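Based on the sequences and whatever the hints tell you, model everything.
From first to last, the protein sequence lines stand for chains A and B. Position 217 of the first sequence, counted from 1, bears residue number 217 in the numbering used here, the numbering being contiguous throughout. Adding 1000 to a residue's 1-based position in the second sequence gives its number in the numbering used here.
Derived from the structure by calculation, the hints contain no laboratory data. Hints may contain errors.
Below are the SDA-like pairs computed for lysine to any residue, each with C-alpha atoms no more than 20 angstroms apart in a straight line [said to hold, decoys possible]:
no.: 1; chain 1: A; residue 1: Lys-148; chain 2: B; residue 2: Gly-1013
no.: 2; chain 1: B; residue 1: Lys-1326; chain 2: A; residue 2: Gln-122
no.: 3; chain 1: B; residue 1: Lys-1405; chain 2: A; residue 2: Asp-84
no.: 4; chain 1: B; residue 1: Lys-1225; chain 2: B; residue 2: Gly-1197
no.: 5; chain 1: B; residue 1: Lys-1044; chain 2: B; residue 2: Tyr-1379
no.: 6; chain 1: A; residue 1: Lys-85; chain 2: B; residue 2: Pro-1410
no.: 7; chain 1: B; residue 1: Lys-1176; chain 2: B; residue 2: Val-1157
no.: 8; chain 1: B; residue 1: Lys-1326; chain 2: A; residue 2: Gln-86
no.: 9; chain 1: B; residue 1: Lys-1015; chain 2: A; residue 2: Glu-107
no.: 10; chain 1: B; residue 1: Lys-1225; chain 2: B; residue 2: Arg-1148
no.: 11; chain 1: B; residue 1: Lys-1044; chain 2: B; residue 2: His-1357
no.: 12; chain 1: A; residue 1: Lys-125; chain 2: B; residue 2: Thr-1003
no.: 13; chain 1: B; residue 1: Lys-1326; chain 2: A; residue 2: Leu-121
no.: 14; chain 1: B; residue 1: Lys-1015; chain 2: A; residue 2: Thr-149
no.: 15; chain 1: B; residue 1: Lys-1015; chain 2: A; residue 2: Phe-108
no.: 16; chain 1: A; residue 1: Lys-203; chain 2: A; residue 2: Gln-37
no.: 17; chain 1: B; residue 1: Lys-1326; chain 2: A; residue 2: Phe-90
no.: 18; chain 1: A; residue 1: Lys-76; chain 2: A; residue 2: Arg-40
no.: 19; chain 1: B; residue 1: Lys-1259; chain 2: B; residue 2: Val-1101
no.: 20; chain 1: B; residue 1: Lys-1326; chain 2: A; residue 2: Glu-93
Reference excerpt, derived from the structure (chain A facing chain B, CB under 10 angstroms, subset only) [to be verified]:
no.: 21; residue: Gly-62
no.: 22; residue: Leu-87
no.: 23; residue: Arg-91
no.: 24; residue: Leu-92
no.: 25; residue: Ile-95
no.: 26; residue: Pro-117
Simulated DEER-style distance windows between Cβ atoms [as the list claims (entries may be wrong)]:
no.: 27; chain 1: A; residue 1: Leu-21; chain 2: B; residue 2: Leu-1401; range: 25 to 35 angstroms
no.: 28; chain 1: B; residue 1: Pro-1410; chain 2: A; residue 2: Gly-51; range: 12 to 22 angstroms
no.: 29; chain 1: A; residue 1: Ser-154; chain 2: B; residue 2: Met-1001; range: 28 to 38 angstroms
no.: 30; chain 1: A; residue 1: Lys-123; chain 2: B; residue 2: Leu-1327; range: 13 to 23 angstroms
no.: 31; chain 1: B; residue 1: Ala-1292; chain 2: A; residue 2: Ser-154; range: 49 to 59 angstroms
This structure is a prediction, so every number in the text was calculated from the model and none was measured. A virtual CB, placed ideally from N, CA and C, is assigned to each residue, including glycine.
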Amino acid sequence: MSRDKDIGDLIIRTEKVSRVLEDQEFPVTLVRDISIQVKRGEFVAITGPSGSGKSSLLYLLGLLDAPTDGRIFIGKQDTGLLSDKQLAQFRLENIGFVFQFHFLLWEFSVLRNVMLPMMKLQKFKGEEIEDRAVMLLTELGLEAHMFKTPDQLSGGQRQRVAVARALANAPILMLGDEPTGNLDTKSTANVISILKDLVREHKNTIVVVTHDTDFAKQVDRQIHIVDGQVV
Amino acid sequence: MLTLEIAYAHLMGRKRQTIMSLLGVMLGVGFFIGVSSMMRGSEKDTIDRITNDFPHVGIHDSFRQARRQPLERIQSGQPEDQRATVFISGVKPPVENRGIVNFRDIANYLRTRDDVQFAMTMETPVMLTVSGQTRSMNLVGIVPEEVRGIIHAADSVIQGRLENLYSDSNGVLAGKAFMDQHKLKMGDTVQIVSGSGVTRVMRIVGVFETGRAWNDRRTLLTLLKNTQVIANRPGRINNFYIKLDDPFLAWDFSVQLEKTFGYAAYSWQENMQDMLNTIATRNRIMYAVVGAILLVACFGIYNIISTVVMEKTKDIAILKSMGFSKLDIINIFLLEGFLVGFTGAILGCGLGRLFLHILSGITIRNPGMTRPMPMPLDYGIGQYFFVSGIAIFSAIIAAYLPARKAGALPPVDILRGAA
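Structural data, given as structure tokens:
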């Protein structure tokens, strides 16, 4: 599902990235001087205790937040050089998100939810969009639920829809923020195996934040964060 | 299309509030159309009456400013005024103004205009004696075949005929109110005395009723040559009554006539300035009232879109994480405002049309009218477009504030809060 594009072998490279919340009474440092690299086709877990800054790092990598210091490269792009609008476009094209609380659009059918990012980007056209959405949902075992609304699905199913949606525009990088945090054991195993398949068979690059140690053990590499720093 | 789909889904997700906002816009637009139609209808009705009853332009044998005396002209130092010295002999006080000197030039000019109809009259004040009472009247000398459609009294003959003037050389037509006041009937005689001292006994050969008190009490119509004799101004006329195909050209035309011929020319707009000012003020009041209605409707729109924004912060965050830009988000909510405004305007136009249908069935007896009349309504399509435009514009403005707020929401805060 990944596509060939001249992005080099390093999907993520950060140089001394820090994020400080300055608009508080006392400045709060969320992450400090983080320099990491993630190669194409790697499955990386960011782990650490609550409040360690792992989610903050993920939002930075996902370009939802901007670092106060340092530089973040996604592919070969220095993301600090992009305007807000360009950042949105860059996210749309290159990054897929899965959150702890699925975050599906409640008013739309499962199929529509998966089609949304494609309809926005228009890299795929017309019929292609629906065909691709059906293909993704089928691969994730949701072909029976395509025309249901999210409230008719179980937590595990919803999370698989979120995965399908994250993959819609064939991003170079998929990010998960506690993607199994809200699921029972069986669904968790199911989602983990799906993510592993994506990396093994489709050469996707995945970075997840988790505090589930079982999950963390199953990935290629762990980046452990304490107090906003890599240890 | 995607934006529209999301906007539509948001509104449908809050059906009850959406319907209330739609009703707000719909009522605002509907009321506006109803009120505007009545206002414009009565405005048109009033102006129709004015332009039917009064000449559009009148030229009188007077000047707006007294002409300059020879002495003033010499002292002005203008070269063309240097020969203005006159020799005055046999001084006597002028008895009466002389009428319009170059009336043939004016008449010839007016005949060249296809869109102009006119009548020339000689009018003179007279004292009238009837059954021992004396009162002043305005004696209007006309040529009967010239005045149809131009002089209201001549068009409003209810007894006898205008042509009766030809069969009785001393015939006059009088207003019904005057006849009633003095218990006169057709064929009765009255005695008149003019300013120049001529006394004549006139016979009433017709009655008119214009519905205007001043006309019906004070005007006497007779042949032009009669007034010329009675006023001692043979071969003169002192008034032009002019009607234009388009009454709204009257102002400009009167200015042009006055400039060309010198005599004072009054348009109906100038004569009726107070009335026109009243109409303009009334219109402003209407726009203020209806504007207030629409303003209230806008609060409804603001309210629903604010609510949607608050409820959909999660959706906004997910759309942003997906790659929707700030502008995309703002557009979604602006579009929601537009949808409410547009749909409300369409429904409101239907409601307004329904109001007009109901109003057209109502008859009202206004003070001063002798019988109930249907309400004058304006069915012009322009007001529908006008108010719809205003409604849609205001709806978008009302949506803008919450939309901007939505666009500015930082996704990270929402994600953090939810996680």
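* Agreement of Lys-1326/B and Glu-93/A with the hint, judged by alpha carbon distance not exceeding 20 angstroms -> holds (16 angstroms)
* To do: Please test the hint of 12 to 22 angstroms on the beta carbon pair from Pro-1410/B and Gly-51/A.
  => Once the Cβ atoms are compared, 19 angstroms apart, the range 12 to 22 angstroms for Gly-51/A and Pro-1410/B holds.
* Lys-85/A and Pro-1410/B: Cα distance at most 20 angstroms? -> holds (14 angstroms)
* To do: May I ask you to test the interface hint for Leu-87/A with respect to chain B, counting a Cβ-Cβ separation under 10 angstroms as satisfied?
  => holds (8 angstroms)
* To do: Classify the hint on Ile-95/A as holds or violated, based on whether any CB of chain B lies nearer than 10 angstroms to its CB.
  => With Cβ-Cβ at 8 angstroms, under 10 angstroms, it holds.
* To do: Given the hint that Lys-148/A pairs with Gly-1013/B, test it: the Cα-Cα distance must not exceed 20 angstroms.
  => holds (16 angstroms)
* To do: For the pair we were handed, Lys-1405/B and Asp-84/A, check the Cα-Cα distance against 20 angstroms.
  => holds (16 angstroms)
* Asked: Between Leu-21/A and Leu-1401/B, does the beta-carbon spacing fit 25 to 35 angstroms?
  -> holds (27 angstroms)
* To do: Quickly compare the C-alpha distance for Lys-1326/B and Gln-86/A to 20 angstroms and report which way the hint goes.
  => Measuring from Cα to Cα gives roughly 11 angstroms; hence the hint holds.
* **20 angstroms Cα cutoff - pair Lys-1326/B, Leu-121/A** => holds (15 angstroms)
* Asked: Within 28 to 38 angstroms or not, the Cβ separation of Ser-154/A and Met-1001/B?
  -> 31 angstroms Cβ-Cβ, so the 28 to 38 angstroms window holds.
* To do: Could you check if Leu-92/A really has its C-beta closer than 10 angstroms to a C-beta on chain B?
  => Holds, because the Cβ-Cβ distance from Leu-92/A to chain B comes to roughly 2 angstroms (cut-off 10 angstroms).
Against the hints set out earlier in the document, no violation occurs for any number.
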